[in-house]
Amino acid sequence: METAFKASFMLAVAAEVVLVAVLVFQVARKERHGGTSPLVFTGGDALAAAALFGGTMTLTALLSDGWSGLSTSDVLLYAVTFGIVTAGFAAFLRRGEKGRPEYGRIAFLLPVGFGLLAGLSGV
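If you're matching positions, the sequence shown starts at 1130 in the working numbering and goes up one per residue.
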């Protein structure tokens, strides 16, 4: 389980780097040209996904390993990374060709699943 989580985290970090680069580019373009296109992700979505991941990981780790298996800095790092990636995925699902708001809500199952995986693997 630990290997699966670490592999998924590496993919999430790569996606996070791309999303943040696109966000910086969009904000700079919006400042220069006053564009009206929506941003690649919103802060509210990122915070909600980070909270879902962090809460799930913390509860699962506490139930499986107790306080000794929990590192605050690791939980924050993982929560921020998966929060940004989930927010970007939710925005992508909402904006797709046939995007609807309910599709964006499906993306919020990802941080819960990865939180369970992280908590159980004890990373």
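Everything labelled a hint here was simulated from the structure, so no lab data went into it.
C-beta atoms are modelled at their ideal positions from N, C-alpha and C, and glycine is treated no differently.
Careful, some of the hints might be misleading.
[What the hints assert, rightly or not] Cβ pair distances, simulated, as ranges:
1. 1188 - 1157: 33 to 41 Å
2. 1176 - 1136: 37 to 45 Å
3. 1192 - 1132: 29 to 37 Å
4. 1200 - 1176: 18 to 26 Å
Going through the hints against the structure:
no., hint, result
1, 1188 - 1157: 33 to 41 Å, "39 Å, holds"
2, 1176 - 1136: 37 to 45 Å, "26 Å, violated"
3, 1192 - 1132: 29 to 37 Å, "22 Å, violated"
4, 1200 - 1176: 18 to 26 Å, "21 Å, holds"
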